[in-house]
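Undergrad: Read off the chains here:
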Amino acid sequence: MSIDRATKAEVDWRKLHRVTPLLNAWKVAAALIAIFVWQYSDTLGQLDLPATQLLLVIIGVIVVGSLIGLGYSALAWSRTRYGVSPESVYLHSGVLFRQQRHLRLDRVQTVDVTQPLLARLFGFASLKIESAGGAGSNLTLSFLTEDEAQRLRNELLARAAGLTVEEAADGAAAPSAPAAPEREVLALAPGRLVGSLALSFWVMAFVIAGAVLVVLAVVNQSLAPFLGVAPALLGAAAYVWSRFAGEFAFRVATSPDGVRVRQGLLESKARTVPPGRVQAVQVTQPLLWRKRGWWRLQVNIAGYGAEETTGSVLYPVATTEEVGRLLYLVQPDLGDPRPLELLEAGLSGTGGDEGFVTSPRRVRWLDPWVWRRTGFRVTDTVTILRTGRIWRRLVIVPHERTQSLGLSEGPLDRRLRVANFSLHSTPGPITPMVTHIDADTVRELLVDVADRARRARREAGPERWMLPRTARLAVGAESGPGEETGGSGVAGPAVPPGVYGGILPSPPVRPVYGGVLPGRSAGTTSPGDGGRMHG
Amino acid sequence: MPTPTSPALDIEGVQWRPISLRLIPVRQISVGIFLGLPGLVTIWPAIVVGSAMWLLPIGLLALTAWLLWLIPRQVRAIGYAELEDDLLIRRGVMFRSLVVVPYGRMQYVDVEAGPIARKMKIAAVQLHTASAGSDASIPGLAEEEAARLRDQLTARGEARLAGL
Chain A
1 MSIDRATKAE
11 VDWRKLHRVT
21 PLLNAWKVAA
31 ALIAIFVWQY
41 SDTLGQLDLP
51 ATQLLLVIIG
61 VIVVGSLIGL
71 GYSALAWSRT
81 RYGVSPESVY
91 LHSGVLFRQQ
101 RHLRLDRVQT
111 VDVTQPLLAR
121 LFGFASLKIE
131 SAGGAGSNLT
141 LSFLTEDEAQ
151 RLRNELLARA
161 AGLTVEEAAD
171 GAAAPSAPAA
181 PEREVLALAP
191 GRLVGSLALS
201 FWVMAFVIAG
211 AVLVVLAVVN
221 QSLAPFLGVA
231 PALLGAAAYV
241 WSRFAGEFAF
251 RVATSPDGVR
261 VRQGLLESKA
271 RTVPPGRVQA
281 VQVTQPLLWR
291 KRGWWRLQVN
301 IAGYGAEETT
311 GSVLYPVATT
321 EEVGRLLYLV
331 QPDLGDPRPL
341 ELLEAGLSGT
351 GGDEGFVTSP
361 RRVRWLDPWV
371 WRRTGFRVTD
381 TVTILRTGRI
391 WRRLVIVPHE
401 RTQSLGLSEG
411 PLDRRLRVAN
421 FSLHSTPGPI
431 TPMVTHIDAD
441 TVRELLVDVA
451 DRARRARREA
461 GPERWMLPRT
471 ARLAVGAESG
481 PGEETGGSGV
491 AGPAVPPGVY
501 GGILPSPPVR
511 PVYGGVLPGR
521 SAGTTSPGDG
531 GRMHG
Chain B
1 MPTPTSPALD
11 IEGVQWRPIS
21 LRLIPVRQIS
31 VGIFLGLPGL
41 VTIWPAIVVG
51 SAMWLLPIGL
61 LALTAWLLWL
71 IPRQVRAIGY
81 AELEDDLLIR
91 RGVMFRSLVV
101 VPYGRMQYVD
111 VEAGPIARKM
121 KIAAVQLHTA
131 SAGSDASIPG
141 LAEEEAARLR
151 DQLTARGEAR
161 LAGL
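Heads up: the protein sequence lines correspond to chains A and B, in order.
At position 205 of the first sequence (counting the first as 1) the number is 205 in full-length UniProt numbering, and the numbers step up by one without a gap.
At position 84 of the second sequence (counting the first as 1) the number is 84 in full-length UniProt numbering, and the numbers step up by one without a gap.
Some hints could be false.
[As the list claims (entries may be wrong)] The following residues of chain B were derived to be distant from chain A, with all beta-carbon distances above 10 Å:
#1 Ile29
#2 Ile47
#3 Leu63
[Claimed, not checked] Going by beta-carbon spacing under 8 Å, a handful of chain B positions derived as facing chain A:
#4 Leu9
#5 Gly13
#6 Ser97
#7 Val100
#8 Pro102
#9 His128
#10 Ser131
Hints in this document: simulated from the structure, not taken from any laboratory.
Beta carbons are placed, not taken as given, at the ideal position from N, Cα and C, and that holds for glycine.
Kindly generate the complete structure, drawing on both the sequences and the hints.
TA: Structure below.
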């Protein structure tokens, strides 16, 4: 009943762009042609036809396949509508099996503008709105014109942020939500991407395997070794290529809408992650990258799940200094007066510097190499877990994003009075965990983190990040003195929202470790430039 | 407390509630059906063929016997505690674990019972958060306790609801 009312009254329904069937048709056509070739290639060869007639048959098949594909896509397009209301996005689709999907805007996790190669060439884009319902819980609008996609993204983000869009409900001509002012923070040079891939395990393995094969082939005077491992080599090559193509032209920018990540050589993606949607951050460094000082940053975002690999990369290769700036974007306050030193100790330090607590000395024969590295640090705003000596890893989880906590121990651990601590985050590439921490320490850690997470939840910013910040601040100010040490916990959420736009708080609440960000107006692009996608 | 004390997992001031001991026969019966029965059945080909074929029934029956002995210990080691803001669950004899799940993080609650468990009037309550890692299930609760806990968790979850 209420849904009916909503769909009739407030939602303005729109159709996807007319070109959609054309852009989709080739997939259907390609599938049909592939099936045809697979099934009838033998029969076709046996037919005793002149070459011209054979050619005509093949062309006929392609034309018929394309027409069927086009027809189906056109039917699907004609039955697809989408709509936006102040509360939700709607998509009604399906030819035989109809589907109506409604997605609440305050649950939006990310908004992606994706351009597959073909669509990109002709200036079209698809818009993907991700919610937190696990894998496949998204709403994809394909295809729209590039401008329309960006306009819609801005509108959705503005509404999700809690801003009211004046008169946007009347469709095309209405003054749409202005693009949030955006400033580029980092852009990845192709050279560094190539270098990072060359120094990755897979490429090294590929080169070494190739060399061994060549030697074998020369010695044995046969190509048999190549044929044997060809699939594996092809797989490795495909993986490296997908990394290269996916992470090419990687750029990170900030806006009040959140962090904007652009990437892609052939298919380009522009992803917007609104403030507070990052569940955990991980900074890793394989051994081969150490000399260069390179790090890879990944994030957990609810709704992506573990299978989404490209979406979870915040930055493929960053220098140590860039790590600070990137972390600042997703977690402005590390809750420590010396954030840079803390970060340094977390990235490459060992022992108890900067308040890190490591495994006790008595487990050194269990973890001879890493016991001084494995450690944790709890600040007012985040839990930091540090692991790995060869493959260095640093995981940062904000207290208000902690889902649940766990302790585990085996018989040997119990003997040594140690236990393993894990912090449960949403599904993604990051599983925050430290092993072999002293029993008493780890128990205190559990209680401490649970307590801080509870307080942080209570004081966490709103889902609609622009809405009642001020109200909340006022509330915080009222109850602030009442909460004894809890006051420090407020520091995180209390940072004004402008910080996300790169406008630094003046005076900074805490020393700004990503402080290399330029000033207020220097890099702010005009709204018109805001959503541009070409490299 | 029947299980040995653990330096890390014994949090002071927590009153652990045990689960229903009726879970012991339920688990033992299913082990009997899925391991013991095949073990007995494979004795026949072993008698016919002889020698190496004996490994199968012997292995299966030994595993069954070990599990039958282990299950009571495991079940007695499972405990839970409802604190003001969190649900605590502990389990395990040799490899022990403890989970702390805040009520405010709850997405939904499952109450499940298989055919044998239904006969014995017990059910499992599982609390789901947005994380796949938080394995917050309490097996073997008496049916009325399971229903009470479900309602309690739902009520507390609503009262302390947080975003993601």
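Undergrad: Checked against the structure, which of the hints given earlier come out wrong?
TA: 5 and 9
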